[in-house]
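Number of protein chains: 4
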Amino acid sequence: MHNEPPYSGRFDGTLHLFAVRVYFEDTDAGGVVYHANYLRFMERARSDMLRVAGIDQRAALDGGDGVYVVADVAIKYHRSAKLDDELLVVSEVRKIGAASCVIHQRVMRGDAMVTDAMVTAAFVGPDGRPRRQPRDWTEIFERLKGAAQ
Amino acid sequence: MHNEPPYSGRFDGTLHLFAVRVYFEDTDAGGVVYHANYLRFMERARSDMLRVAGIDQRAALDGGDGVYVVADVAIKYHRSAKLDDELLVVSEVRKIGAASCVIHQRVMRGDAMVTDAMVTAAFVGPDGRPRRQPRDWTEIFERLKGAAQ
Amino acid sequence: MHNEPPYSGRFDGTLHLFAVRVYFEDTDAGGVVYHANYLRFMERARSDMLRVAGIDQRAALDGGDGVYVVADVAIKYHRSAKLDDELLVVSEVRKIGAASCVIHQRVMRGDAMVTDAMVTAAFVGPDGRPRRQPRDWTEIFERLKGAAQ
Amino acid sequence: MHNEPPYSGRFDGTLHLFAVRVYFEDTDAGGVVYHANYLRFMERARSDMLRVAGIDQRAALDGGDGVYVVADVAIKYHRSAKLDDELLVVSEVRKIGAASCVIHQRVMRGDAMVTDAMVTAAFVGPDGRPRRQPRDWTEIFERLKGAAQ
Numbered sequence: 436m437h438n439e440p441p442y443s444g445r446f447d448g449t450l451h452l453f454a455v456r457v458y459f460e461d462t463d464a465g466g467v468v469y470h471a472n473y474l475r476f477m478e479r480a481r482s483d484m485l486r487v488a489g490i491d492q493r494a495a496l497d498g499g500d501g502v503y504v505v506a507d508v509a510i511k512y513h514r515s516a517k518l519d520d521e522l523l524v525v526s527e528v529r530k531i532g533a534a535s536c537v538i539h540q541r542v543m544r545g546d547a548m549v550t551d552a553m554v555t556a557a558f559v560g561p562d563g564r565p566r567r568q569p570r571d572w573t574e575i576f577e578r579l580k581g582a583a584q
Numbered sequence: 436m437h438n439e440p441p442y443s444g445r446f447d448g449t450l451h452l453f454a455v456r457v458y459f460e461d462t463d464a465g466g467v468v469y470h471a472n473y474l475r476f477m478e479r480a481r482s483d484m485l486r487v488a489g490i491d492q493r494a495a496l497d498g499g500d501g502v503y504v505v506a507d508v509a510i511k512y513h514r515s516a517k518l519d520d521e522l523l524v525v526s527e528v529r530k531i532g533a534a535s536c537v538i539h540q541r542v543m544r545g546d547a548m549v550t551d552a553m554v555t556a557a558f559v560g561p562d563g564r565p566r567r568q569p570r571d572w573t574e575i576f577e578r579l580k581g582a583a584q
Numbered sequence: 436m437h438n439e440p441p442y443s444g445r446f447d448g449t450l451h452l453f454a455v456r457v458y459f460e461d462t463d464a465g466g467v468v469y470h471a472n473y474l475r476f477m478e479r480a481r482s483d484m485l486r487v488a489g490i491d492q493r494a495a496l497d498g499g500d501g502v503y504v505v506a507d508v509a510i511k512y513h514r515s516a517k518l519d520d521e522l523l524v525v526s527e528v529r530k531i532g533a534a535s536c537v538i539h540q541r542v543m544r545g546d547a548m549v550t551d552a553m554v555t556a557a558f559v560g561p562d563g564r565p566r567r568q569p570r571d572w573t574e575i576f577e578r579l580k581g582a583a584q
Numbered sequence: 436m437h438n439e440p441p442y443s444g445r446f447d448g449t450l451h452l453f454a455v456r457v458y459f460e461d462t463d464a465g466g467v468v469y470h471a472n473y474l475r476f477m478e479r480a481r482s483d484m485l486r487v488a489g490i491d492q493r494a495a496l497d498g499g500d501g502v503y504v505v506a507d508v509a510i511k512y513h514r515s516a517k518l519d520d521e522l523l524v525v526s527e528v529r530k531i532g533a534a535s536c537v538i539h540q541r542v543m544r545g546d547a548m549v550t551d552a553m554v555t556a557a558f559v560g561p562d563g564r565p566r567r568q569p570r571d572w573t574e575i576f577e578r579l580k581g582a583a584q
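Chains as they are written, first to last, in this note's numbering: chain A, 436 to 584; chain B, 436 to 584; chain C, 436 to 584; chain D, 436 to 584.
If you're looking for bench data, these hints aren't it; they were derived computationally from the structure.
One or more hints might be untrue.
[Stated by the list, open to error] Negatives, chain C to chain A, calculated, CB over 12 Å:
hint, residue
1, Ser443
2, Thr449
3, Ala464
4, Val487
5, Asp519
6, Ser535
7, Arg544
8, Ala557
[What the hints assert, rightly or not] Under 8 Å between C-beta atoms, here's a sample of chain A residues computed to sit facing chain C:
hint, residue
9, Phe459
10, Glu460
11, Thr462
12, Asp463
13, Ala464
14, Gly466
15, Ala471
16, Gly489
17, Leu518
[To be verified] Taking lysine-lysine and the DSSO-like style, the derived pairs with C-alpha atoms no more than 27 Å apart in a straight line are:
hint, chain 1, residue 1, chain 2, residue 2
18, A, Lys517, C, Lys517
19, D, Lys511, C, Lys530
20, D, Lys530, C, Lys511
21, B, Lys530, B, Lys580
22, A, Lys511, B, Lys580
23, B, Lys511, A, Lys580
24, A, Lys511, B, Lys511
25, D, Lys580, C, Lys511
26, B, Lys517, D, Lys517
27, B, Lys511, A, Lys530
28, C, Lys580, D, Lys511
29, A, Lys511, B, Lys530
30, D, Lys511, C, Lys511
Glycine included, every Cβ here is placed at the ideal spot set by N, Cα and C.
Whenever a hint applies, use it, and build me the whole structure from the sequences.
In structure tokens:
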């Protein structure tokens, strides 16, 4: 058995950094990353941001407590990205509600912004209805919250 | 050889209707349609709306004229959808620019709105820069344009 | 509310025919359908073959009876398919076991075979272990079974 | 600008190791990784195995030399994998032809094999026809070739 843990990105202050390489699966016949796939990159980055910060989503899901679902996304596509490009997803918590949080995510290639999105995630119970987030999670989010608006 | 053409939806006035069934590939471990996959449903519906209206995107792509790329999406998730659900993507042109158009798309399950999005598509040349849409396409869009705002 | 049921393909004797159009989401930067996406086309076709034949997988899943999982796939890629191509997935039951069935699936573009696969699906219980298929399902498969080997 | 290069796995002798975490995008309503998505994991691992070994596929694609396409896959699913699982794709070159190579890939979770596949990749020119691989690539493959059969 080999010991090779998956990549999870890292924090730089309040920013979570998550590098992504563009593979064939991510591209389309226009030769660029298919627009919906940026949402997949962003979800990976958010999942790992929470994990690295100490929030265990799978335990909450398995324990019947609840799960984050995406409630709202406003995404802008500024540039295209191509096969083999090295991208960086930069994520930052912007707002924390009782049952939701807002995260801003930018996909960068070097200094150029490829796309950016404001993502609202809502915490819902097993019945699919909004539910107050665990208190220690809210505290984690408060610590992570960036100053920018 | 069998004669069985693919489904393309149909117009009902200015609305394009495109039915989608939810398969395993569309769902995630939360038991519902994965949020990014609604953008795939919507892209299928937009492609077929244009096709049925007489706009040949592949010829434009192959001829080096240009292609539509998604520039901006604002999407709201109102309800979840499950395996085997029968959904309907209802699309309508809202605004036409020189090099872009705005389409409103709703994903319905019966009378219930599952998600809806305002999608801005930009026409770009082979160099990736904005380019004026073919004039006859603009005329088609003008005919399709809904009255709603 | 609009009445527009999703497309499910149809039987022609023992063959289930399911038409698919190639959208941007299906392609990659090579300009062709991404190889893993043929498995998605085939899964859609299998799901609808079962549905049209009278097998209700969602009821079995929701009722805790079990679900089909893919156990084995041998797939050959003969030709590539491009954006906007009209494809036809032709599926046929080949073998029926106590807890599994083998389905042959071809993806055709007119008379040309694009890809074909032999897919073994195993029926498993909620515990993930092989389980005998419902008897009336086996009877349905027996009726559907093609003569070809 | 942040310096955070994407993960590419590493070689351990002739084996290329590539760790993957399971995200929501990879799973389906059965609560496990969707079967077609293992082909995506394997493609990422193959791409990075070639990259780390010194083969620049994008330069070959951009230069009009050719590209690898998947010609044949035989994949077996032994166990299921769940959200958040830490998987390892272990890849090894098995056979080298004039215009193709065969790679064996296993997806492991600890000591347990989740799935494994024998993948034949063919090198094709811009016309889509088989073409002899660059000679220095063949030499790289020869060095990478495992002893196992």
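For this session: Could you grab the alpha-carbon distance between lysine 580 of chain C and lysine 511 of chain D and see if it respects the 27 Å cut-off?
Result: 23 Å, holds
For this session: With a cut-off of 27 Å on the C-alpha distance, tell me whether lysine 511 of chain A and lysine 580 of chain B pass.
Result: 23 Å, holds
Exercise. Serine 535 of chain C clear of chain A by more than 12 Å, beta carbon to beta carbon?
Worked result: Non-interface label stands for serine 535 of chain C: nearest chain A Cβ at 29 Å, farther than 12 Å.
Exercise. Is the straight-line distance between the alpha-carbon of lysine 511 of chain D and that of lysine 530 of chain C 27 Å or less?
Worked result: Between lysine 511 of chain D and lysine 530 of chain C the Cα gap is close to 18 Å, so the pair holds against 27 Å.
For this session: Please confirm whether threonine 449 of chain C is truly not at the interface, meaning its C-beta sits more than 12 Å away from all C-beta atoms of chain A.
Result: Check passes; 34 Å lies beyond 12 Å.
Problem set entry | Status of the hint placing glutamate 460 of chain A at chain C (closest C-beta pair under 8 Å) | 6 Å, holds
Exercise. Hey, lysine 517 of chain A versus lysine 517 of chain C, does the alpha-carbon distance stay inside 27 Å?
Worked result: The given pair, whose Cα atoms are some 19 Å apart, holds under the 27 Å limit.
Exercise. Is the nearest CB of chain A more than 12 Å from the CB of alanine 557 of chain C?
Worked result: 25 Å, holds
Exercise. Can we keep the alanine 471 of chain A interface hint, with Cβ of chain C closer than 8 Å?
Worked result: 7 Å, holds
Exercise. Does the alpha-carbon distance linking lysine 580 of chain D and lysine 511 of chain C stay inside the 27 Å limit?
Worked result: 23 Å, holds
Problem set entry | Evaluation of the interface hint that places alanine 464 of chain A against chain C, nearest CB under 8 Å | At about 4 Å, which falls below the 8 Å cut-off, the nearest Cβ of chain C leaves the hint on alanine 464 of chain A intact, so it holds.
Exercise. Does the nearest C-beta of chain C fall within a distance shorter than 8 Å of the C-beta of glycine 489 of chain A?
Worked result: 30 Å, violated
Hint violations for this structure: numbers 3, 5, 16, all remaining hints satisfied.
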